[in-house]
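**Student:** What follows is the residue order along each chain.
There are 4 protein chains.
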Amino acid sequence: MRKMYRFLQIALIAFPFLAMKQDKPLRVIFFGDSITQAGVGPNGYITKAGELLKAEGKSSQFELMGAGIGGNKVYDLYLRMEEDVLAKKPDVVFIYVGINDVWHKASSGTGTDPDKYVKFYEAIIKKLKAQNIRTILCTPTVIGEKTDNSNQQDGDLNQYSKLIRDIAARNNLQLLDLRVAFMDYLKANNPDNKEKGVLTTDRVHLTDGGNAFLAQKMVEALLTK
Amino acid sequence: MRKMYRFLQIALIAFPFLAMKQDKPLRVIFFGDSITQAGVGPNGYITKAGELLKAEGKSSQFELMGAGIGGNKVYDLYLRMEEDVLAKKPDVVFIYVGINDVWHKASSGTGTDPDKYVKFYEAIIKKLKAQNIRTILCTPTVIGEKTDNSNQQDGDLNQYSKLIRDIAARNNLQLLDLRVAFMDYLKANNPDNKEKGVLTTDRVHLTDGGNAFLAQKMVEALLTK
Amino acid sequence: MRKMYRFLQIALIAFPFLAMKQDKPLRVIFFGDSITQAGVGPNGYITKAGELLKAEGKSSQFELMGAGIGGNKVYDLYLRMEEDVLAKKPDVVFIYVGINDVWHKASSGTGTDPDKYVKFYEAIIKKLKAQNIRTILCTPTVIGEKTDNSNQQDGDLNQYSKLIRDIAARNNLQLLDLRVAFMDYLKANNPDNKEKGVLTTDRVHLTDGGNAFLAQKMVEALLTK
Amino acid sequence: MRKMYRFLQIALIAFPFLAMKQDKPLRVIFFGDSITQAGVGPNGYITKAGELLKAEGKSSQFELMGAGIGGNKVYDLYLRMEEDVLAKKPDVVFIYVGINDVWHKASSGTGTDPDKYVKFYEAIIKKLKAQNIRTILCTPTVIGEKTDNSNQQDGDLNQYSKLIRDIAARNNLQLLDLRVAFMDYLKANNPDNKEKGVLTTDRVHLTDGGNAFLAQKMVEALLTK
Chain A
73 MRKMYRFLQI ALIAFPFLAM KQDKPLRVIF FGDSITQAGV GPNGYITKAG ELLKAEGKSS
133 QFELMGAGIG GNKVYDLYLR MEEDVLAKKP DVVFIYVGIN DVWHKASSGT GTDPDKYVKF
193 YEAIIKKLKA QNIRTILCTP TVIGEKTDNS NQQDGDLNQY SKLIRDIAAR NNLQLLDLRV
253 AFMDYLKANN PDNKEKGVLT TDRVHLTDGG NAFLAQKMVE ALLTK
Chain B
73 MRKMYRFLQI ALIAFPFLAM KQDKPLRVIF FGDSITQAGV GPNGYITKAG ELLKAEGKSS
133 QFELMGAGIG GNKVYDLYLR MEEDVLAKKP DVVFIYVGIN DVWHKASSGT GTDPDKYVKF
193 YEAIIKKLKA QNIRTILCTP TVIGEKTDNS NQQDGDLNQY SKLIRDIAAR NNLQLLDLRV
253 AFMDYLKANN PDNKEKGVLT TDRVHLTDGG NAFLAQKMVE ALLTK
Chain C
73 MRKMYRFLQI ALIAFPFLAM KQDKPLRVIF FGDSITQAGV GPNGYITKAG ELLKAEGKSS
133 QFELMGAGIG GNKVYDLYLR MEEDVLAKKP DVVFIYVGIN DVWHKASSGT GTDPDKYVKF
193 YEAIIKKLKA QNIRTILCTP TVIGEKTDNS NQQDGDLNQY SKLIRDIAAR NNLQLLDLRV
253 AFMDYLKANN PDNKEKGVLT TDRVHLTDGG NAFLAQKMVE ALLTK
Chain D
73 MRKMYRFLQI ALIAFPFLAM KQDKPLRVIF FGDSITQAGV GPNGYITKAG ELLKAEGKSS
133 QFELMGAGIG GNKVYDLYLR MEEDVLAKKP DVVFIYVGIN DVWHKASSGT GTDPDKYVKF
193 YEAIIKKLKA QNIRTILCTP TVIGEKTDNS NQQDGDLNQY SKLIRDIAAR NNLQLLDLRV
253 AFMDYLKANN PDNKEKGVLT TDRVHLTDGG NAFLAQKMVE ALLTK
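Protein chains in written order, with this note's numbering: chain A, 73 to 297; chain B, 73 to 297; chain C, 73 to 297; chain D, 73 to 297.
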């Protein structure tokens with residue numbers, strides 16, 4: 073009787089474990105712009121996220137892939153999502169886009185209107201939902217690291233972040249509020265109110281520290297249920 | 073024998089006529105921006121096109137519909153084409169878009185990059201082709217009526233017109249080169265090189281004369297085979 | 073002896089007072105853009121400032137004049153300051169400019185770079201100092217009334233406000249921090265985070281309440297020594 | 073009698089020549105943007121202009137100086153003209169500015185409105201006239217080398233060139249129409265309608281050939297009376 077119980081106890085623990093061992097790892101795609109394109113480099117945030125998972129003994133559970141292209145705005149993601157995301161049958165997709173939608177207003181006159189941003193964002197989500205893909209929405213990080221809301225695009229970044237929070241709420245999707253995470257980090261770690269050099273090299277693209285910080289946030293969101 | 077011949081003669085004329093009588097009129101949708109939105113007004117170009125067809129005794133052959141919304145750019149057309157165009161089962165669609173794609177660069181920082189303009193334009197065409205809808209591509213008209221290429225957006229309007237000509241050629245589609253038509257008209261009828269007041273009231277939107285001229289060009293294109 | 077001293081003490085206090093009574097009123101010029109152009113209207117802030125001074129029995133001490141032109145940026149003020157300001161021999165000048173320097177970046181591509189903003193601002197100040205004119209520097213108010221730093225131009229308005237604070241400090245000039253005053257007022261009085269309708273009609277130009285609030289701030293600054 | 077006449081003839085030719093030999097060379101300043109900043113480099117247009125003058129035996133008559141700073145717009149020239157031009161007591165000044173006034177509209181939202189362009193241009197001219205400095209006005213060259221008016225900024229470059237032609241006419245000043253010269257050259261030498269690579273490396277800054285061509289135009293204008 074006791075042996076029997078023992079056996080059952082082991083089985084109850086072991087079966088899920090075996091099941092997990094037999095499962096393929098979850099395929100996770102990071103879908104975004106140049107920050108994500110650089111994310112698969114030796115010091116990029118996707119590479120570092122893989123290292124974090126390995127350190128936690130979870131590297132066999134996840135397969136991380138980058139799908140970032142420099143200069144991409146929300147409708148660029150929309151235009152290439154069939155080929156670059158859906159065709160790869162991901163289990164999880166992080167959408168991390170918005171910096172160029174805001175930035176290109178000033179740098180080339182081809183930013184994205186807020187209402188169009190929302191429309192294309194929701195069009196992307198609709199296609200991911202149709203495939204039952206777990207989707208995590210990221211607010212845009214920074215264009216300039218000053219912490220007193222005096223970076224030129226701060227107003228717009230705050231506005232588009234709110235739009236994403238609303239989209240997440242409306243669609244009952246997981247939100248990773250990178251905008252808040254970055255600003256909180258900078259308030260603690262940028263005492264001289266510098267516009268670059270802490271998390272970014274050039275106000276936008278990430279330092280090694282920026283990549284490490286982002287990797288940590290991405291992994292936390294991935295492991296959150 | 074003579075009677076027989078007479079009968080045949082009548083039949084040859086009558087059959088196509090009967091066939092035509094039985095057909096429903098061809099549904100023609102003008103798909104565009106504020107110029108097209110105004111086109112269905114009392115003096116708008118679509119209304120005037122209908123009058124031209126009536127004067128030629130062809131009003132029963134065509135049903136003209138407007139699908140214009142102010143401020144629309146190419147990707148706005150893309151986003152609403154299912155509902156506003158395809159759902160209405162048109163036989164012919166005129167695509168007349170591009171002014172805001174260029175203009176919004178300066179007026180709100182949210183114009184359309186040339187390569188994205190082409191991508192969405194071709195995405196629209198692809199969906200129309202799939203339904204075997206006859207599609208006529210229009211180059212953008214004017215932002216400013218000066219004839220010496222010194223209107224601020226002339227360079228871009230010329231560039232985007234070339235892109236549309238290329239799209240038409242690549243896709244073997246009918247082209248209505250409104251940019252050329254308008255500039256030719258203005259070279260003959262704007263001797264003082266005014267920036268508005270000939271075909272437009274405000275450099276973009278059409279005067280009664282502008283609507284009449286555009287109506288004529290649209291009808292010519294529609295009747296061209 | 074003691075009496076004599078007492079007499080002198082009274083005289084020292086009284087003479088300036090008498091002198092002031094005999095003096096002509098101080099000429100005060102408000103130098104700015106469309107908000108200031110509207111300021112001399114029936115409900116404008118300059119008109120209301122005059123009423124406030126009258127209510128305090130000080131209307132004979134000040135002559136208020138508007139020198140605002142719609143659409144003006146800092147270098148427009150520079151270009152017209154000889155004629156519109158210096159020629160009128162003011163005793164006090166309020167400089168209230170910056171909204172268009174920021175706004176025109178998005179609305180016409182012709183905003184002012186921050187470093188050029190500072191250069192022209194200081195060129196204006198230099199000429200006013202050379203005439204010993206009391207100069208009061210105003211930070212720009214708002215483009216949008218949302219209080220969570222999510223109005224499109226908030227980042228830039230905060231940046232240019234900092235530039236003006238620095239100019240005031242460097243030049244030892246009086247600062248009227250309208251940006252702070254407006255945001256504080258809105259945090260208390262815009263609970264729904266509306267983008268317009270509290271102090272502005274259209275995100276920029278002032279409601280009656282906005283004019284009254286601004287008038288009060290201007291008068292406080294004027295009476296501050 | 074005949075000898076006497078001969079003598080006079082020689083004298084009439086020789087005296088001005090002697091006078092010229094004794095004069096200091098004319099100081100010529102090229103006042104502009106990055107193209108002019110690069111103009112003093114080993115292959116720059118100012119260096120090459122000096123070589124052309126030398127080849128014609130006229131190098132002792134002219135002293136060529138560059139006063140170009142990258143990114144400069146018309147009001148930058150205005151702000152630094154005392155120090156960089158007037159203080160150097162030039163005899164001749166070429167004003168060659170306008171590309172950034174147009175370009176920065178799209179690249180940073182801080183271009184120059186046409187009416188302000190004219191105002192600052194004329195303010196510069198006024199100061200040069202007050203010193204009796206010979207002034208030569210240059211129209212802006214190119215942003216893109218396509219010859220069919222389809223470079224994005226062609227409309228504006230044509231517009232600002234017209235403004236400069238008008239300024240020259242109004243002020244009775246010498247015009248060097250570089251815009252026309254460059255476009256004529258490109259029509260003959262850019263058969264493939266390339267956007268760069270003929271006179272420019274990057275649509276704006278000059279190739280060696282571009283510098284040589286510009287040097288020739290500058291020298292022709294300088295030697296024109």
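Careful: at least some of the hints might be erroneous.
The list cannot tell twin chains apart, which means a pair is met if one copy fits it or any two copies do.
Calculated pairs, PhoX-like style, for lysine-lysine (alpha carbon to alpha carbon, straight line, at most 20 angstroms) [said to hold, decoys possible]:
#1 Lys234 with Lys191
#2 Lys259 with Lys191
#3 Lys234 with Lys130
#4 Lys160 with Lys297
#5 Lys96 with Lys161
#6 Lys161 with Lys266
#7 Lys201 with Lys130
#8 Lys130 with Lys266
#9 Lys289 with Lys266
#10 Lys266 with Lys234
#11 Lys201 with Lys289
#12 Lys126 with Lys259
Derived from the structure by calculation, the hints contain no laboratory data.
**Student:** Taking the hints in turn, state whether each one holds.
**Tutor:** Against the structure, the hints:
In the homo-oligomer, the alpha carbons of Lys234 and Lys191 lie at most 20 angstroms apart inside one protomer (14 angstroms), although the nearest pairing across protomers, at 29 angstroms, exceeds that limit. Proximity of Lys259 to Lys191 under the C-alpha cut-off of 20 angstroms is found in neither arrangement, the shortest distances being 33 angstroms within a copy and 31 angstroms between copies. Proximity of Lys234 and Lys130 under a CA criterion of 20 angstroms is satisfied in neither setting, with 33 angstroms inside one chain copy and 48 angstroms between copies. In this assembly of identical chains, the alpha carbons of Lys160 and Lys297 never lie at most 20 angstroms apart, being 23 angstroms within a copy and 44 angstroms across copies at closest.
For the homomeric pair Lys96 and Lys161, the shortest alpha-carbon distance inside one copy (12 angstroms) is at most 20 angstroms, but the shortest distance between copies (46 angstroms) is not. Taking the closest pair of Cα atoms, Lys161 and Lys266 never come within 20 angstroms of each other, the shortest separation being 42 angstroms inside a single copy and 42 angstroms across copies. In the homo-oligomer, the alpha carbons of Lys201 and Lys130 never lie at most 20 angstroms apart, since the shortest distance is 26 angstroms inside one protomer and 48 angstroms across protomers. In this assembly of identical chains, Lys130 and Lys266 lie within 20 angstroms of each other by CA distance neither inside one copy nor across copies; the values are 37 angstroms within and 47 angstroms between.
For a Cα distance limit of 20 angstroms, the shortest separation of Lys289 from Lys266 qualifies neither inside one copy, at 23 angstroms, nor across copies, at 32 angstroms. In this assembly of identical chains, Lys266 and Lys234 lie within 20 angstroms of each other by CA distance solely across copies; the values are 14 angstroms between and 25 angstroms within a copy. Within a single copy, Lys201 and Lys289 get their C-alpha atoms no closer than 23 angstroms, and across copies no closer than 45 angstroms, so neither meets the 20 angstroms cut-off. For the identical chains of this complex, Lys126 and Lys259 are neighbours neither inside a copy (30 angstroms) nor across copies (47 angstroms), given an alpha-carbon limit of 20 angstroms.
Hints 2, 3, 4, 6, 7, 8, 9, 11, 12 from the list above are not met by this structure, while the remaining hints are.
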